[in-house]
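With the sequences and hints as input, model every part of the structure.
Take 1 as the starting number for the sequence shown in the UniProt record's numbering and just add one per residue.
Treat the hints as calculated values from the structure; they're not laboratory data.
Note that this is a predicted model, so its numbers are computed, not measured.
One should not assume that every hint holds.
As the list claims (entries may be wrong) - Result set (DMTMM-like, lysine to aspartate or glutamate): computed pairs, CA atoms no more than 25 Å apart in a straight line:
hint	residue 1	residue 2
1	K169	D66
2	K52	D66
3	K169	D225
4	K52	E89
5	K169	E158
6	K170	E200
7	K52	D287
8	K52	D225
9	K170	D211
10	K170	D59
Unchecked claim - Here are the in silico distance ranges between beta carbons for each label pair:
hint	residue 1	residue 2	range
11	R272	D60	44 to 54 Å
12	R50	P223	41 to 51 Å
13	G101	G207	55 to 65 Å
A virtual CB, placed ideally from N, CA and C, is assigned to each residue, including glycine.
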Amino acid sequence: MADTKKTGATDAEGGAATVAFLGAGGLMGLPMARNLAQAGFAVRAWNRSREKAQPLADDDVVVADDVAGAVTGADVVVTMLADTGAIIESLGGELDSLAEGAVWLQTSTVGLDGTQRLAELADGHGVTFVDAPVLGTRAPAESGDLVVLASGPDDVRERAEAVFDAVAKKTIWVGEAGAGSRLKLVANAWVMSIVEATAETVALAEGLDVDPQQFLDAVADGPLDLPYLQAKGAMMISRDFEPSMTLALAAKDTRLIDDAAEDAGLDLPMLRTIRHRFGEGVADHGDKDMAATYLTSSPTHTGGAGAADG
1 MADTKKTGAT
11 DAEGGAATVA
21 FLGAGGLMGL
31 PMARNLAQAG
41 FAVRAWNRSR
51 EKAQPLADDD
61 VVVADDVAGA
71 VTGADVVVTM
81 LADTGAIIES
91 LGGELDSLAE
101 GAVWLQTSTV
111 GLDGTQRLAE
121 LADGHGVTFV
131 DAPVLGTRAP
141 AESGDLVVLA
151 SGPDDVRERA
161 EAVFDAVAKK
171 TIWVGEAGAG
181 SRLKLVANAW
191 VMSIVEATAE
201 TVALAEGLDV
211 DPQQFLDAVA
221 DGPLDLPYLQ
231 AKGAMMISRD
241 FEPSMTLALA
251 AKDTRLIDDA
261 AEDAGLDLPM
271 LRTIRHRFGE
281 GVADHGDKDM
291 AATYLTSSPT
301 HTGGAGAADG
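Structure (structure tokens):
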């Protein structure tokens, strides 16, 4: 859980600042909303499937029946939703309901075009927009150890950081809105490359009758080792794909990365291949951890069902 000594959770009158959290039932959203409440914010949570956010009631979070019930009069709104369309559909018609001077902290990964659309939407309603995607999956979200890649106006940084401090171990400010999302795509390109390379390496080991654990042991604690390699490799070997980030969401993020690269005039064939490979796996394994991309390559896999989520 987040360090409850991280405060700053007050409004202009000295009372608890009200934070509306949209997408509070997901792998990331639920622990983030919980950590905000434990840091002293008055949190109102909304999730499309209300029952997924209901556990937050045990942390004195108000679980709203609709978006209006969460955002009306809120000092800050945080979005952690699947994509641009979901954000516009949920919040677009309610921005005028926020408190005067409210700040929108957009933490979802929506790509460059999506971020531009959301920034323009906020500007049209006089709401200050902070582009703030996060690095980290479920475990760091639960422990309050995410990294926020923040970009937006200087004059709201102190207010924004009070919120970020409740959910993250570090906030990096990188410029005007949009810069955070660009950095997030770069970081995610590295993450997706590690996952797919691990998947194909484990599959190759099995195909050559090599115990893939021997490979992980051989590189452990050396210059070729990575914590993420060990973590995802272990999931692949055990076939335990309890999700920290689903393959469906990883496939979505990889599309955003590849589209941005193409728009920038870059020829990045490995990214195109990863995009295709993740897309192949979504139909059967979209609700599993992104490490389940391995199942598309595994010589011993016999199939399995799983519905892709958003």
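Checked hints:
no.: 1; hint: K169 x D66; in the structure: violated, 31 Å
no.: 2; hint: K52 x D66; in the structure: holds, 14 Å
no.: 3; hint: K169 x D225; in the structure: holds, 24 Å
no.: 4; hint: K52 x E89; in the structure: holds, 19 Å
no.: 5; hint: K169 x E158; in the structure: holds, 16 Å
no.: 6; hint: K170 x E200; in the structure: violated, 33 Å
no.: 7; hint: K52 x D287; in the structure: holds, 15 Å
no.: 8; hint: K52 x D225; in the structure: violated, 37 Å
no.: 9; hint: K170 x D211; in the structure: violated, 38 Å
no.: 10; hint: K170 x D59; in the structure: holds, 24 Å
no.: 11; hint: R272 x D60: 44 to 54 Å; in the structure: holds, 47 Å
no.: 12; hint: R50 x P223: 41 to 51 Å; in the structure: holds, 49 Å
no.: 13; hint: G101 x G207: 55 to 65 Å; in the structure: holds, 60 Å
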